[in-house]
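Line by line, the protein sequences give chains A and B.
So the first sequence is numbered by the numbering used here: it starts at 1 and just counts up by one.
So the second sequence is numbered by the numbering used here: it starts at 1 and just counts up by one.
Don't take every hint at face value.
[Unchecked claim] If you want the ones that stay clear, here's a sample from chain B, every Cβ over 10 Å from chain A, calculated: (1) 38; (2) 168; (3) 175; (4) 198.
[Claimed, not checked] List of simulated lysine to any residue pairs, SDA-like, C-alpha gap at most 20 Å: (5) 25(B) <-> 67(A); (6) 171(A) <-> 121(B); (7) 36(B) <-> 16(B).
Read the hints as simulated data drawn from the structure, not as lab findings.
For clarity, every value in this text was computed on a predicted model and none was experimentally measured.
All residues carry an ideal CB built from backbone N, CA and C; glycine is no exception.
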Amino acid sequence: MQLRHLWLTDIRSYEFVDLELTSGLCAVLGPNGVGKTNLLEAVAYLALLESFRGAPTDALVRAGADRGIVRGEVTEAGREQLIECELRPNGRNRVLLNRQRLARTSELLGALRVTIFSPDDLQLLKAGPSARRSFLDRLVVSLDPRQDAVRAEYERALRQRNALLKQTRGKLDDAAAMTLEVWDTKLVTAGEQLVARRTEAVSQLLPLVSDAYRDVAGIEHHVHLEYQAPWREDGLAASLQRVREDELRRGVTLVGPHRDDLFVSLEGLPARTHASQGEQRCIALGLRLASHRLVDQTTGAPPVLLLDDVVSELDPERSAALLASLPPGQTLLSSATGLPTGVEADQILEVRPGTIVEV
Amino acid sequence: MATAYAAAVQELIDCLGRLPGVGPKSAQRIAYHLLKVDATEANRLARAITEVKDKVGFCTACFNIAEGELCMVCADTRRDAHVLCVVEEPRDVVAIERTREFKGRYHVLQGAIDHLQGVGPDQLRVRELVRRVGTDEVTEVILCTNPNLEGEATALYLSRLLGDVPGLTVSRIASGLPVGGDLEYADELTLGRALEGRRVVESENKEH
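Chain A on its own, in the form it takes in the complex (with noise of 0.2 Å):
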């Protein structure tokens, strides 16, 4: 898979861009500030239609302008896709595939995938769950695009079961009751598929994390990893039955998928309390390589790889190996500091204030 041209109009310091990027490792070069991450985040764009840094939408768009345009163009087994988006801040965003407006966004997915390494990684071992839980989602979407609609419908019955329980006021009369039972059918069929889909690719992506983070970090260490789901022992409906006096009391639903963890230990100690900063990292950036790897494997086709300054973290022979293991693929590789030496990038870009030219 290969990003073969993009087009920028109005996206950040972007007024206007024209790139054509090639096959194998582009440095994205500049001087801090600059706007390195905001390529790397218009590209992701593409993929995931959001920013990867949690930005909102009109955080994308350069300041005074009414809307921004990410424009590309990728190849994958010989076949051309272009993607367009279209992002309005004070409007709907809309999303063109090969010039055809798409009914539903999720359609689009899969069109392009990239993998993210970027300095915010690290919070997917210092932060709570919901980063790995945003982790295991986005993985489960990029081995399977269309797995996305089993999270959506998931987190629709549970908006509703919640605000259901908040309606309740904590009374629950027989026919309010009875809304709630069909509200516990709904979030555990859709829940228990979602989990079983999460667990999939966990127990997919432990063989591999283990020798990604020996990539990584140069030494040999177990990870180990397991997903976490207190309530899958009696199962999502005696859980709900059992907490519902306090689900009343709250007014939000206590278990389910929405809660579970990641759990991500480290010679056998837990990650987030015993490993060091730099095991941290060195385990986040791992999770990273072995999930890339995963979705390589399972697709026939790699990722764009999107690693933004991930080298200024690693001391450099430890980026230069990181670089060495990455299964062949497009990677776009930002960095203040230049490459690590030994490294020969493809393409060179280099980041002006405002533009963007080849060297």
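Place chain B on chain A using the hints.
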């Protein structure tokens, strides 16, 4: 924020803006259009709205749109009163009528369970449905709510509510693949549901 329009114009824009599918910009455009057109044209619209609200209401039996006491379906004595088709909106009645396949009567819920919009069973015509089903005339109820999450939840709720009524058959409209479509383009959920609702193929030469 001080309004930039005369009070009457602002009121018109506000009213238009409350209509479904009309955003603030469209509301403004329509308001200016109405200010520009002939008085007769604008009055015709005003009259049409008043008239429809005066003459047209909801059928007292099924809550479909009706000019008078009963809607056209309920007033038609040839329709089978034993079968009720439960739908969300009056426009769903129109959709099913177009098929000319259904000879029974309807019950319009006037929505689906959607707590995010503050709609529970009490806000729907559920009590009326239970009352209708309680009369011995009705022997079959077909749940034709939309195949989305809210419609499915409503159907599930009704099937549980009506499940204990003796002598009553409750069924759910099938959902699955569109006629003339391709399997490979069907999304996961649709295909899954179509598989769930599969049917045994009646073989023509079964006797042999």
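Here's how the hints hold up against the structure:
1. For residue 38(B), the shortest C-beta to C-beta distance to chain A comes to about 32 Å, beyond the 10 Å cut-off, and the non-interface label holds.
2. The Cβ of residue 168(B) sits about 17 Å from the closest Cβ of chain A, beyond the 10 Å cut-off, so the non-interface label holds.
3. Here residue 175(B) stays apart from chain A, with its beta-carbon at least about 14 Å from theirs, past the 10 Å limit.
4. For residue 198(B), the shortest C-beta to C-beta distance to chain A comes to about 18 Å, beyond the 10 Å cut-off, and the non-interface label holds.
5. With a C-alpha separation of about 17 Å, the suggested pair residue 25(B) and residue 67(A) falls inside the 20 Å cut-off, and the hint holds.
6. A threshold of 20 Å between alpha carbons decides the hint, and for residue 171(A) with residue 121(B) the separation of about 16 Å falls inside it, so the pair holds.
7. Proposed proximity of residue 36(B) and residue 16(B) is supported: the alpha carbons are some 16 Å apart, at most 20 Å.
In summary, this structure violates none of the numbered hints.
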